[in-house]
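As a plain string of letters, each chain reads:
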Amino acid sequence: MFKKPIQKYTGKIGEVEIGTGEKAVKLGGESVLPFYSFDGNTGNTPKIGMEISDVYPEGWTNTLKELYKDVSNDTVKWAQFVEKKYSPDFICLRLVSADPNGKDSSPEDCAEKVKAVVEAIKTPLLVAGTGNHEKDAKLFEKIAQAAEGHNVLLMSAVEDNYKTVAAAGVLAYNNKVVAESSVDINLAKQINILINQLGIGNENVVDNVGCSAGGYGYEYVISTLDRVKLAALTQNDKTLQIPIISPVSSETWKSKESVEPEEEAPEWGNQEDRGISMEVAAAAGVLASGSNAIILRHPKSVEVMRSFISELLG
Amino acid sequence: MALTGLGIFKLTPKKNCKDCGFPTCLAFSMKVASGAAEISKCPHMSKESIEKLSEATAPLMKTITIGKGDTEYKLGGETVLFRHEKTFVNRNRFAVLLSENMEDSDIDTKIQHMKDMNYVRIGEEMKTEFVVLKYVSDKDKYLALINKVKSSGLKVAYILACEDTAVMKEALQLVKSENPLAYGANKDNFKDMVALVKQDNIPLGVKADDLKELYTLVENIQKLGYKNLVLDPGSKSIKQTFENTVQIRRINLQGEDRTFGYPSILFLNELAKGDKFQEVTLSTLFTLKYGSILVLSDMDYCRALPLYGIRQNIFTDPQKPMRVEVGVYGLNNADENSPVMCTVDFALTYFIVSGEVERSKVPVWMVIPDAGGYSVLTSWAAGKFTASVITDAIKNSGIEKKTKNRTLIIPGKVAVLKGELEESLPDWNVVVGTTEAMYIPKLLKGMAEK
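For the record, the sequence lines run as chains A and B.
Positions 1 to 314 (this note's numbering) are the ones given, in order, by the first sequence.
Positions 1 to 450 (this note's numbering) are the ones given, in order, by the second sequence.
It is possible that some hints are incorrect.
[What the hints assert, rightly or not] Restricting the straight-line Cα-Cα distance to at most 27 Å, the calculated cross-link-like pairs of lysine-lysine (DSS-like) are:
1) B:Lys289 with A:Lys189
2) B:Lys223 with A:Lys4
3) B:Lys62 with A:Lys3
4) A:Lys103 with B:Lys445
5) B:Lys361 with B:Lys402
6) A:Lys3 with B:Lys236
7) A:Lys254 with B:Lys442
8) B:Lys239 with A:Lys8
9) A:Lys256 with B:Lys115
10) B:Lys442 with A:Lys138
11) B:Lys227 with A:Lys3
12) A:Lys256 with B:Lys445
13) A:Lys163 with B:Lys413
14) A:Lys4 with B:Lys289
15) B:Lys442 with A:Lys256
16) A:Lys85 with B:Lys276
17) A:Lys238 with B:Lys289
18) A:Lys65 with B:Lys445
19) A:Lys4 with B:Lys187
20) B:Lys239 with A:Lys4
21) A:Lys256 with B:Lys320
22) B:Lys212 with A:Lys3
23) A:Lys189 with B:Lys320
24) A:Lys8 with B:Lys212
25) A:Lys8 with B:Lys289
26) A:Lys26 with B:Lys239
27) B:Lys236 with A:Lys4
28) B:Lys276 with A:Lys65
29) B:Lys361 with A:Lys254
30) A:Lys4 with B:Lys62
31) B:Lys212 with A:Lys4
32) A:Lys3 with B:Lys239
33) B:Lys273 with A:Lys85
[Said to hold, decoys possible] According to the in silico footprint, chain A covers these stretches of chain B (three or more CB under 8 Å from chain A):
34) 273-281
35) 298-309
No lab work stands behind these hints: they were computed from the structure.
Every residue, glycine too, gets a C-beta built ideally from N, C-alpha and C.
Please take these sequences and the hints and turn them into a complete structure.
Rendered as structure tokens:
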């Protein structure tokens, strides 16, 4: 006899709000697997953020450099341009200039820049650091202070620096923090617990459990997302009931498939299309496995993913 | 499985005769229940018991074979809903749809695209595995299209998409020997369709308006004694198609209902409405969630590069990490003056490291030893990535003939091997590389400037 099995869910992902005012967005809140609206409440619609950089985007593809040519030397203008033209759910400002292996600009300078941007836009802001744990600790301390009252999301706190990043970011200056771990459910749990132990509740934390381009260890990303969401939703594991963000663009746009110019690989065809394709493929997979927010670079990718999400939610 | 070890035990003679090779009947039953032993190993079981058991211990989801010879593909046979629970077994396959009402030039282009898109990634040939030949209204043109594809030199398995049994009959005559998928059994034509395919045991594609109707239809087809099926969960909307696809697999594996224990075919070309990027997102979705044959409107590198990479990743057995072939790889046109880098044969490590090397644009030889297929530190801790392993790789790989440069860069995480390597490779200048791949370009560019 035809019978649909009943899926039992015992947990619910908490909600985290970023930004302020009308454009503030809420992440998470679902009590079923991603897009399983036939099982119950899918929570807040997954959110899409667009990436900008605080320096001229030398490594970006030519069409994007062309698209942003009038604004990419001025971070504030760039943020306003993206807000006005594409209205993403949030903007991700990557502080490339702070990289100790690059320009190594000071936390104070970066904080000033962030302050200028956050005051110039209404869209919620995510600030991405350098990936250098030591520098990020110093960086986010200053940025958190400068962005106080704007409820920005700081990406990220890791095991090496969470005491500074999460404490300054959330406890001292009331922003939100991304807890980053590397494609392993136990590491994801661990960083969440460590942050909780500082007295920071789940409502202030978004998880980045790792991301990759398709073909580059993507199975670890998907299985980690699957396992985290199953533990949170079907085993009511409270330490994992935290919305997840996936920085898709920074992974896919450095893959060979996106970087290789057409002259080098004529059979691969149009480079820009390849880049978009790599970006939307990786984005679709992480959303289907539980990401509550994705960061994208190409406006076409944003358009494609918006339609993907709305079609699936119906 | 529906039967537990104890359930099986009740059907055994309970004599502990050891004829099956196990010490007791209970031990044997437990093995059978876990799938580790065949019930037929017990010579004393009654015929009825064996029948009862083989039905109950048969896999929940059938494995269906389509195509023949070089183009034979197995679909289905899955046992879990999520790959981390065990593994996914038979990877999804990609198809491109052609129909007789398309312009000839359009058809030629698509055939050419399928021929052009062919490459090898970590030992796996990536190509379009199926072509869907869709019948719209003109029989003669349709049969001509089938012949055209047959003689085009394309190496693909065929899917005949046609709900008109008379046309299907003639179409099957042309490609029957290739074991195609005959797609198009519906609630009105299923008896005739089964009659067409039964004798040659050709797989039959089944479609219905909704899940309940599909279920009844499969039951009716099974009543005719036919179980070589592929199901189409498709509907007009992406949302409904996704729900149907998930429900079919859950009803099958969670509900332990074999009626839905068949692979699926999804016409993503229709759902994406001609948007190639939406074909890419939907293909990713249904690669993760239970699609078996994914039909696209066209195949090119733009679609293939992410999709085949994702598929290869997702269908990796979690217990057996992907490995790259042991050997020497020249990057960025490495020549006789290029330095040598050594890392492990774990595919993920190799891809990240080689990707960064390529980004640096500095010519480098990569030497990959047999390090057990684990990450750098894991291999090192397991004694599989040691100074002697690296030394053997340098000596036996022929790299000393390929380059005059005697700089060997080892991963920063095994800096501890430097001393030993300097002793075993006295001609070489051993350089400790970075601990993170992202810093490789800086290191290489710095070295090249010197």
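Status of the hints after comparison with the structure:
Of the supplied pair hints, the one linking Lys289 (chain B) and Lys189 (chain A) holds, its CA atoms being roughly 25 Å apart against a limit of 27 Å. As the CA atoms of Lys223 (chain B) and Lys4 (chain A) are separated by approximately 22 Å, the hinted pair is consistent with the 27 Å bound. A hinted pair counts as satisfied when its Cα atoms are at most 27 Å apart, and Lys62 (chain B) with Lys3 (chain A) qualifies at roughly 20 Å. Straight-line distance between C-alpha atoms of Lys103 (chain A) and Lys445 (chain B) comes to about 17 Å, which keeps the hinted pair within the 27 Å bound.
The suggested pairing of Lys361 (chain B) with Lys402 (chain B) holds, with an alpha-carbon distance near 19 Å, which does not exceed 27 Å. About 23 Å separates the Cα atoms of Lys3 (chain A) and Lys236 (chain B), which keeps this hinted pair within 27 Å; it holds. Proximity of Lys254 (chain A) to Lys442 (chain B) is assessed by CA-CA distance (about 15 Å); at most 27 Å being required, the pair is judged to hold. Pair hint Lys239 (chain B) plus Lys8 (chain A) holds up; C-alpha atoms about 21 Å apart against a cutoff of 27 Å.
Between Lys256 (chain A) and Lys115 (chain B) the CA atoms are separated by roughly 23 Å; this keeps the pair inside 27 Å, and the hint holds. Distance hint between Lys442 (chain B) and Lys138 (chain A) is fulfilled; the C-alpha atoms sit about 23 Å from each other, no more than 27 Å. Distance check on the hinted pair: Lys227 (chain B) and Lys3 (chain A) sit about 20 Å apart at the alpha-carbon level, within 27 Å; holds. A hinted pair counts as satisfied when its Cα atoms are at most 27 Å apart, and Lys256 (chain A) with Lys445 (chain B) qualifies at roughly 19 Å.
At most 27 Å may separate the alpha-carbon atoms for a hinted pair to count; Lys163 (chain A) and Lys413 (chain B) meet this at roughly 26 Å. A distance of roughly 17 Å separates the Cα atoms of Lys4 (chain A) and Lys289 (chain B); the hinted pair therefore holds under the 27 Å criterion. Of the supplied pair hints, the one linking Lys442 (chain B) and Lys256 (chain A) holds, its CA atoms being roughly 18 Å apart against a limit of 27 Å. Between Lys85 (chain A) and Lys276 (chain B) the CA atoms are separated by roughly 24 Å; this keeps the pair inside 27 Å, and the hint holds.
Note on Lys238 (chain A) and Lys289 (chain B): the hinted pairing holds, with a Cα-Cα distance of about 26 Å set against a maximum of 27 Å. With a C-alpha separation of about 25 Å, the suggested pair Lys65 (chain A) and Lys445 (chain B) falls inside the 27 Å cut-off, and the hint holds. At most 27 Å may separate the alpha-carbon atoms for a hinted pair to count; Lys4 (chain A) and Lys187 (chain B) meet this at roughly 21 Å. In summary, the hint linking Lys239 (chain B) to Lys4 (chain A) is supported, as the alpha carbons are separated by about 17 Å, within the 27 Å threshold.
Using a Cα cut-off of 27 Å, the hinted pair Lys256 (chain A) and Lys320 (chain B) holds, with the two alpha carbons roughly 25 Å apart. Restraint check for Lys212 (chain B) and Lys3 (chain A): the C-alpha separation of about 9 Å stays at or below 27 Å, so the hint holds. Proximity of Lys189 (chain A) to Lys320 (chain B) is assessed by CA-CA distance (about 25 Å); at most 27 Å being required, the pair is judged to hold. Distance hint between Lys8 (chain A) and Lys212 (chain B) is fulfilled; the C-alpha atoms sit about 22 Å from each other, no more than 27 Å.
Distance hint between Lys8 (chain A) and Lys289 (chain B) is fulfilled; the C-alpha atoms sit about 19 Å from each other, no more than 27 Å. Pair hint Lys26 (chain A) plus Lys239 (chain B) holds up; C-alpha atoms about 23 Å apart against a cutoff of 27 Å. Between Lys236 (chain B) and Lys4 (chain A) the alpha-carbon distance is near 21 Å, which keeps this suggested pair within the 27 Å criterion. Taken as a hint, the Lys276 (chain B) and Lys65 (chain A) pair is honoured in the structure, with Cα atoms around 24 Å apart against an allowance of 27 Å.
Straight-line distance between C-alpha atoms of Lys361 (chain B) and Lys254 (chain A) comes to about 14 Å, which keeps the hinted pair within the 27 Å bound. With a C-alpha separation of about 20 Å, the suggested pairing of Lys4 (chain A) with Lys62 (chain B) holds against the 27 Å cut-off. Restraint check for Lys212 (chain B) and Lys4 (chain A): satisfied, since their Cα atoms lie roughly 10 Å apart, inside the 27 Å limit. For the suggested pair Lys3 (chain A) and Lys239 (chain B), the alpha carbons sit about 20 Å apart, so the restraint of at most 27 Å is met.
In summary, the hint linking Lys273 (chain B) to Lys85 (chain A) is supported, as the alpha carbons are separated by about 26 Å, within the 27 Å threshold. Under a criterion of three residues with beta carbons nearer than 8 Å to beta carbons of chain A, the stated coverage of the segment 273-281 of chain B is upheld, 6 such residues being counted. Interface restraint, the segment 298-309 of chain B with chain A: holds (9 residues with C-beta to C-beta distance below 8 Å; minimum three).
The structure shown violates none of the earlier numbered hints.
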